[in-house]
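Q: If you're matching them up, the sequences are chains A and B in order.
Under our numbering, the residues of the first sequence are numbered 1 to 166, in order.
Under our numbering, the residues of the second sequence are numbered 1001 to 1737, in order.
If you are wondering where the hints come from, they were derived from the structure by calculation, not from laboratory data.
There may be inaccurate statements among the hints.
Ranges between beta-carbon positions, derived for each pair [what the hints assert, rightly or not]:
1) B/Asn-1352 - A/Leu-98: 51 to 59 Å
2) B/Ser-1307 - A/Lys-70: 57 to 65 Å
3) B/Ser-1153 - A/Asp-44: 44 to 52 Å
In this text the structure is predicted, and so the values were computed from the model without any measurement.
Here a beta-carbon is modelled for each residue, glycine too, at the ideal position from N, C-alpha and C.
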Amino acid sequence: MARPKVTLVSSDGETFIVEQRVAERSITIKSAIEFAGVDGLTADIEIPLLIEGKVLKKVVEWCEHYKTTKFPEPDENQVDVLSRPPVLTKWDNKFFRLCFEQDMMFEIIMAANYLNINQLLHVGCTTVANMMKGNSTEQIRELFNVPNDFTPEEEAAIKREDRWTK
Amino acid sequence: MSLELLNEKLELAILYFKTAEYNKALKLYDVLVKLLTNLSISTIKKARKEKGIVEVPVIGVCVHPSLVSVLDQRAATHEKLNSLSKALLDAQQITRIDPISCKGYLRIGKILRRMGRDIDAYKSYQEGIYIIDRSIKQHNIIVPEKLLLQLKSQYKDLNQKLRTASQRDRSSSDENNSSQNRASQKSLDRKLNQLLPLKRSSEDSVSGRTKRIQKSGVDPFLYLSQDLIELIFSQFPLNSLLKCHKVCKLWYNVLTNIPALYNNKFILKPKITNSEFSSGIKLIKKIVHKSYSKQVKVLRVRSTVNSAHLSKVIDLIIQEPNFSIQNLEIFDNNLSFQLILSRLSKFSWKLNNLNNLQELRLGIVGSIRNENLLIQLFPKLKHLSMIVTVPELSGSSNDLLPVTDKRYQKLIEISLVSTSSLVFLETLALVNHPQLLRSNSRVAAGNNTFNPYPIFLDKTFPNLKELSIASYEFYNTLPMLGEFLTNSPNLTKLIMENNVNFKLLDFLQLLKNYNPKLKLNKLIFREEKLNSATSLNEFDITDLPQLSSLEHLDLYGSSLSNKGLLKLLRMCNMNGQLNTIVIGPAGYIHFKTDTFPVGSGLILSLKQLIRVAPNLERLYLNELDLDNSTLKDFSRDLRDMNFKKSNLKLLDLSFCVKVEGIGLIDLFDASSTNLKRIAKGDNFDRLSIDELVIDGVEINSQTLKMLKDFKYVKEIRNDINKRKWKVFGVNSLIVSN
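In isolation and in its complexed conformation, chain A is listed as follows:
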C-alpha cells in the first residue's frame, strides 16, 4: 500500500497534498496526526487549517524544501532563543525575497507560529530583523510605511531618553 498522504486544507478551501514527513515539520500538525491514531498514520487524512491558501502554499513550499534537513532542537533552558540567531541559507533569503509584499512575510511568520514550525518562525523573524538593522528611524518608518505620530515635544522627550547610551 502506498504511504498515506496528508491533505492540508486552507481556510479558503485550497488543498495541498503532502507527504507525512513534510506535514510533520509542523509540531501542531504532528500532534494532530498522533491524536488521530496511536498506530501512526494508516489512512489518508485531511487537516483543516486556519491559514489562507496563498500563505499555506508558501509554508508548504518551505517544508518541502527542508523535508530531509535536521534542525537543532530548540533548547528550553536557553533564555533568549535569538541570542544565537539561526543561519539563513541562500534558499531562505530567496524564499523571503520572493514575498513581494511584507504582509505575506508576516502572514508566514504568524502561520509558522500557529503551526509551530520553529525553524521557519526564527528564520522569518531574523529576516524581518535584518531588514531593520542598520537603518535610521526614518528609514524604518519608510520601510514599513509607518507614520510618525509623535508631536515635536514628544519626539524631543524620547530623544532625551537615550542620551545615556552611546
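Starting from the structure of chain A, add chain B where the hints point.
A: Just chain B, lined up with the frame of chain A:
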C-alpha cells in the same frame, strides 16, 4: 484567590460606580487590576478554561478573562473622575492585551474625543476596524456584532465630521492668493495622507492578486502579536532598539513593554553628565518596572564628566525612587569609597536603592579606608571588586569622610568590634595600583596616605569561591593569608598577580604549612619579579592535595626551573584534570632554540609537558625565548606521539617574537609535498588544532591563510598591537575588564 471573592469585589465595584461613588469604585478596581495582573500563568489558563474560552488566545496576550472588563470599567471610572489621561492608559492597555477588543477601541475613541483629539480618535477607530476585520477573515474569530457595528458607525461619523472640517479649511484657503493656496493645498494633502495611514494596506487585501513589483510597507506591529515582536527584536542591541522607539507611539509603547528585550542591563556611556543620566533613568525605570523583579539587574557607570556630576550621579543612584539595583559598577577617576560614604551620610545612611545590592564593583582613586563599613552596609553582597585605577598617594579622599556625622562615628565603632562577615560573598577581587606600594612611592604608607597591604584578610567569608589579589604588598602578611585560606574551604579559584614579597615558592610553602581543606581548580600565580631559581626539591609529590585537581594553571612569570615546572605540573595533575597551562616569561625555563642548543638536562621539550599533563588542551607559551627551530622540535615531538595522543586544541605563542611564518609551517609540517597530498584528498595523520593565537608578532597573512585553508587550524588570531601583561602598567585583571 477564589472566583467567588473576585466576583464579589467586582459586583461591589460596579455597585459603587452605579451609585456614583467613583472614588470608592476606583480603589476597588485598582485592587482588582493588581490581583488579576499578578496571577501565575497556570491560574490564568485554569480561569480561562472555567469560563469556557481557549487557554491561549489566537491573538493578543494570555490574561485572566475578567481583566479586560475590569480595565474597561476602571477607564470609565477615571473618565467620570475627569482623569482622562489615566482613562486613556487603561483603554490602551485593553487593546494591547486584546487587539480585537471592540470595547477597547470604542473607549479609546471616546476618551480621545473628550480630550479634543478627534484625529487621534479617528486613527484609533480605523486601526481597530482594520485589525478586527482582518482577524475575522483570517482566524474565523467572532466578535460581538453589536459592538463592531457601533465601532464602525462611530468611525463613519467621525470621518464625515473631519472631512467637512477639512473642506471648510480648503474653501477658506481659496480666498487667499494662489501661491499660498498651492502650498496649503499640498500640506492639506499631506495631512489627509497622514490621516489615512493604513489606506494602502487595506486596499491591498481588497485588490487581491494583482502583481506588484515594489514592496508595500506594512507595519509589523499591527500584524504580529507581542511574543512575535519580542522574537524579532530579541536580537537587537540597545542602540538599535532605541532607534525603533522613535518610529511611532505604538512601537515605543510595545517595545518598552517587553523588558526582556533590554536584558535588564544598563551600561551608561563614558563621561556621562548628570542630566543625561537622569533622563536615562526615566526610560530605565519604565522598562524595569515591567519586569518581574522590578529591579535593575546591572547598572554600569563607566565614567562621569567631572567630580560634581559624579556626586550627583551617585545621589541619584542612591535615592531615585523605585530604582532598586542588584549589581552596581562605577568606574571614575574621582570615585572613592570615601565619597560614597559622604553621600550616604547626606541621606542619613538610608541605602534605599542599594539595600539589595548583590554585586559591587568600584574603580577608585587611592586606597580604601574603613573597609569594614562595606560589610556593615552591604551584608548581602555576593561579589565584591575594589580596583584602584588612579594612584592617589596623598590620601586626599580621606577629607571627604563625614567625620562629624555622629552616626558615622557610631558605625565605625560598631564595624571595629563587629564579627559579622559577608556570608553570601562568593567572589572577592582586590586590585591595587602598582604605584601604591611601599617600594614604588616617594610618600610613606600610612593611615592618611595609602595602604599597600591587602584588606579583608582578617575576615572570614565562609562561601568564598574565588579570590583575586593583585599588586599588593605581602610583607609580614603571609600568616594572615594562611589563616584566611584555612577559613575558605569552598575556594576553587585563586588569582595572585604582581604581588610584592610573595613568591610562588612562598605560596606553595604556605599551602604545605597551613594545609587548608580546599581544592582549587584554577590557579593563576604571576610573580612580580624574577627571583632565584627553584626546583621544588623540598616538596613531595603528594604534599599539595589542594592543587591535585587543578584544571587551569597559569604561571605567567615564575622563577621555576625546568625541573621545578615539571614537578609542579605533576603535583597539579595528580587527578589528571589539568587541561590548561600558561607559561609566561620565565628566566629559568628554556626550550631548545638556535641560540640555546645545549643538551637534554637544561632544556624542556613539548613531549615532556604532554607526558606530565596528557589531557592538555590549551597551551599558552607567551613572551618566551622560542624560535623557528623550537617549533620544528615541537612538530617532531607531536609526530613521535602520533598526534592522537595529544588533545591539543589551542596553542598561544603570543609575544614569542622570534617566531616567523616558516616556523609555523614547520610546526604543522605544512611542506609543499604535504600540501599537494592534501589537495589530492590524501587523508593522512597530521597536526590540526582549533585555535592558534600569535598576538604581538608580525606574521605573513598569506601563511596564516594557508594554514586555515588547509585546515591545520580552524581559527587564527594575530593582533600585532596587542599589549603584553604588565606593559599596560597594572594587571591583566584590569585589562580584561
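Q: Failing hints, ascending?
A: none
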